[in-house]
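Starting from the given sequences, assemble the full structure and let the hints guide the process.
These protein sequence lines map, in sequence, to chains A and B.
Those letters in the first sequence? Residues 1 to 264, by the numbering used here.
Those letters in the second sequence? Residues 265 to 590, by the numbering used here.
The set of hints was computed from the structure by calculation and includes no laboratory data.
Ideal Cβ placement from N, Cα and C applies to all residues, glycine included.
Check before you lean on any hint, since a few could be wrong.
To be verified - Not the full set, but computed from the structure, chain A residues with beta-carbon under 7 angstroms of chain B:
#1 1
#2 166
#3 186
#4 233
Stated by the list, open to error - List of simulated lysine-lysine pairs, DSSO-like, C-alpha gap at most 27 angstroms:
#5 A/262 / B/587
#6 B/393 / A/262
#7 B/586 / B/575
#8 A/160 / B/587
#9 B/549 / A/18
#10 B/457 / B/363
#11 A/21 / A/160
#12 A/55 / B/584
#13 A/55 / A/226
#14 B/564 / A/226
#15 A/262 / B/453
#16 B/549 / A/262
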Amino acid sequence: MHIVVCLKQVLDPEITPKYFKIDPDTNRPENSDTDLVLDSFAENALELAIQLRDKVPGATVTALCLGDEESEEVLRRALAFTANAAVRVWDEEWENLDGQAVGHILAQTITSLGGAQLVLTGYQASDIEEGLVGPVMAEELGIPCVTLVSELEVEENSAKATVEVEGGYAVVSVPTPAVFTIISSETNVPRLPKVKDIRLARSKPINLLESEDLNLDRECCQPGVKLERAYLLNREVACEVLPGDDGAELASELADRLLALKIL
Amino acid sequence: MTRILVFANQQGDSLSSGAKEALAFGRRLASSTGGEVRSVTLGPFAEAGAREAIASGASIAYTISNPLLAEYDVELFVNSIHTVFEQSGADILILSFDKIGKDLVGRLATRAGASAITEVVDYTANSDKVSWIRPIYGDKAFGEYSTTRQKVVVGIRQKSQDVNVPVETSKGEIIEVDYAPSEEMIVTKLVVKIQAALSDISLEDARIIISGGRGLGGPEGFTELQVLANLLGGTVGASRAACDAGWVPSNLQVGQTGAVVAPDLYIAVGISGASQHLAGITNAKTVVAINTDPEAPIFKRANIGVVADYKSVIQALTEKLKKVLV
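Structure follows, in structure tokens:
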């Protein structure tokens, strides 16, 4: 069984807002002093992929990332998680790709890798937060997609996924191959890689694919949306911190405030 | 003239809150662009939904009244909505980016050769050119987007729109679309559906939410929050950290990937305020933060802050409010 997990490198989303700035020329964040990290839901997907691989004899995990050389960091992290192979796909001409273009390129990359029984990806990356790549890949590959998946069990030709639905959650069964977009849960909390695996990951190969290696549709590689302008949003409100440190007095003061505001 | 099609999803025989927001957005957009709004409803109660959509501003309401569409199925819904999108000749398809919308937008856009834009909260319109506005980078910034294809599928962020008051006397035409989804199209089979919540009030509809985070230190603290929530007629939510720790079920998660909420009062207890969580409470009216760390990011969003251990505050707050309210 071949499992492909699609990863994305993002600006650390927990950057303090006061250090977050947009470059007006590029409409992108000024990230010179900020860490780039593996997207958090992608990391949940990676963890789940490794767990599934370990349950199925002979299964392999390929970590796939669309990005420039810098993004090899996230593939090294995947190798430290004991992913079997790492593939980076990139073309210098690609810029400002949107979720649809990324979905097309990743789908074609997966096809060129010989396909996969399971394709896992984070439900939404924490930078642009489009949530499109999984469903677009599925549509491109002509296979089912299950979104907002917290747990996954595989059987011979199908998979059972626990998914979030309105008002609760559900377990659904889909034939494989299929795409799954992963959210965090108590069962896919990313592991801490072993020092030995981190060291081994440094020397493992990363296979580079370029656009000429893939059967791409030029039109589909063009973004469907274009960011014309980005601007900061100041959501900070003037927080009135209640004075004192006695819990009971603070509670009494808080109750009075809420009643005075007629919220209660 | 811009032709706008809104997918008006239903819960039972009435429109979902997301559908009402999508219709309100569509109608506002139509008034700016000189266009008209049409709607599509699916399932055995499609006609009731169509009448509701007309009362909310749709001039033509397409229906596919097939019983197979009673329960949401991704393949059937993509096929059905795509058929109506083609038939209506609309340039813009609007959906709520709720849990169903998250399944549908990317697939519908790809199938229709349209641009896709999600988490939209607003737009600007000049003559026929529309730019879409959405938060980016965990709500730290806004982005204004243009689209490059003739058609566009737009996902509206939940709880970002004021809904219209329906006008029952509105006139519109209901058109039953000649399209029959078949059982063979269904590939995703539902095994079991679980309505799991600590109370009967859904997070999305709650007027008062008391949420707990990692600062509660364990699942026991949620019992105290539940007592207070019951007293106030509210419900309990949680941060991703508390759900990931297994203290409460994941469907209590408030945030971008959990429930997007807009209560009158949101009390964040022991929640530091990760960007993902803050994005889910953007439209909360009054936010109270109770946290031992005065530097926690939640205080940047809160209207009232209490720097203290929650254990000393929640119980006293419950006792005091019991005296006043009961």
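Comparing the hints with the structure gives:
no. : hint          : result
1   : 1             : violated, 19 angstroms
2   : 166           : holds, 5 angstroms
3   : 186           : holds, 4 angstroms
4   : 233           : holds, 5 angstroms
5   : A/262 / B/587 : holds, 16 angstroms
6   : B/393 / A/262 : violated, 43 angstroms
7   : B/586 / B/575 : holds, 17 angstroms
8   : A/160 / B/587 : violated, 50 angstroms
9   : B/549 / A/18  : holds, 23 angstroms
10  : B/457 / B/363 : holds, 14 angstroms
11  : A/21 / A/160  : violated, 42 angstroms
12  : A/55 / B/584  : violated, 53 angstroms
13  : A/55 / A/226  : violated, 42 angstroms
14  : B/564 / A/226 : violated, 31 angstroms
15  : A/262 / B/453 : violated, 47 angstroms
16  : B/549 / A/262 : holds, 12 angstroms
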